[in-house]
Amino acid sequence: MGMKRAAVFATAAAFAFTLTACGKEGTPTASGDSNASGAAVSDTCKPSGATFTADSAAAVAGSTTFDKIKSANKVVVGVKFDQPNLGYKDTSGKRCGFDIEIAQYVASKLGIDPAKIEYKEIPSANRETAIKGGEVDYYVGTYSITDKRKADIAFAGPYFVAGQDLLVRKDESAITGKDTLKGKKVCSATGSTPIQRVKDEKLTEPENIVEFKTYSECVSQLLDKKVDAVTTDDAILKGYAAQNSTDLKVVGKPFSTEKYGIGLPHDDKALRDYVNTQLEAAFKDGTWQKIYDGTLGRSGSPATAPAVERY
Amino acid sequence: MTEFLNVLTDHWSLFGQGFGNTVKLFLIAGVGCLVLGVLLGAFRVSPIPALRWFGATYVNIVRNTPLTLVFAFLVFAAPKLDVNFDYFTAAAVALTVYTAAFICEVVRSGVNTVAPGQAEAARALGLSFGQVLLEVVLPQALRAMVPPLMSVMIAMLKNTTVAAGFSVVEAGAIPAYMAEFGEPQFYVLLWIAIGFLVLITPLVLLQRVLERKLAVAR
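From first to last, the protein sequence lines stand for chains P and G.
Heads up: the first sequence runs through residues 194 to 504, numbered per the working numbering.
Heads up: the second sequence runs through residues 388 to 605, numbered per the working numbering.
The set of hints was computed from the structure by calculation and includes no laboratory data.
All of these numbers come straight from a predicted model, not from anything done at the bench.
Hints may be right or wrong, so weigh each one.
[What the hints assert, rightly or not] In the DSS-like style, the derived pairs of lysine-lysine whose C-alpha atoms are separated by at most 25 Å in a straight line are: (1) Lys462/P - Lys341/P; (2) Lys378/P - Lys411/G; (3) Lys411/G - Lys392/P; (4) Lys309/P - Lys261/P; (5) Lys309/P - Lys263/P; (6) Lys467/G - Lys442/P; (7) Lys452/P - Lys313/P; (8) Lys302/P - Lys325/P; (9) Lys467/G - Lys363/P; (10) Lys467/G - Lys378/P; (11) Lys467/G - Lys418/P.
Make the full structure from the sequences, and use the hints.
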């Protein structure tokens, strides 16, 4: 009982903190939730070890975004902050993860020292608006390339290919893939593509669909046995599994293909071509592999660089 | 303009489901908080010190707690104590518990507008506390209670949007869906604002009717 009470207070405290963070950052978080079960969770950011030096000779002819970056001598990058090993900010304020390092790599190739990046935490729902409104110069954060989004913004990449998968409790044996979800409670982010796929393909009953604003909240509900599975891209799920490997596991049977791209202003083709060229260089010279191995790769599953799709 | 209209017509079922849940939540929590609020209000004006103390403590604790925290407690903390609600029930309970504190204060201030002589006269006639309250004081207090009561109800209707963050698909959850569909956020939010205006209008009309009905010549 004492333990339980302590856990309740910890959760309440985490939420009190969450609320203040909300006011400041404009986006919700649920840091510490996955901690509630008492398992050891590593929160401190560890960089992959890849180094990025600003390319002072960088030039992108005909790119208005590049001119803006160059004259301001800084770049504003939209990121996520609550996805372990992808786009994450630890309690000391340090940022790390696969997406963050890809963003740093791109910044260095635009002639900006990665230390001078101004990060903006933009929730999924506001990404197109932020890019269209010039609030960020580019966006790197599990941003799936879709034709619909291409009408509003442009994508460089893909720089990673993910797929929708399931995160379950370690002792779960009944859930082995997407067709074993009937009668099970499934959680994902409100209105997100993964949860809409679950609805559209009727993988579980409508009353068993659970939606929270963040995946961390879903993971907390999973640990409390209020839901049976959390579903979204495997890259995100692996991040949580790596953080809490004693209680969680990823099923490992992806049932979709999500190509992550770098979100860029719609009409800046010069910048898009340039970023694509730089990504290809990173795929070839081993930089990409080094970033992956030092971040997401720590979950134990290997990956290879995808091919850039120019358009 | 057609783009603006299409945002609604293309996603009719989503808006219907969202606002349907909003109304459902509002009606359930509305009845719940009125009952609980009047009861707490009666506690606060009762002759029994323990009940007065309970009413005052409830109001001071709940009224000073952010609604999001009340939700978070029921959804994230309660399961750790093996208290489990489904998400819709949790939302209805959170809204009821929270709004009742405000209703209680409305009831108390309404009671305070009734001249003490009224209650004294009723007691002199031999009426019990319950009779004094329900048959003499509250009917007269209602007149002063209507405007603040409606303000509290309107605030509660809008507060239902907090439930979107706790797995209830109501009006507040619509923007997240629409963003995924790639619909322009500005139009989506405008439609939601219009939706709330439509829902609140009957409450405003009800307030006007009640005020007219309860008015007395002074």
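Problem set entry | Which numbered hints fail | Hints that this structure does not satisfy do not exist here, as all of them hold.
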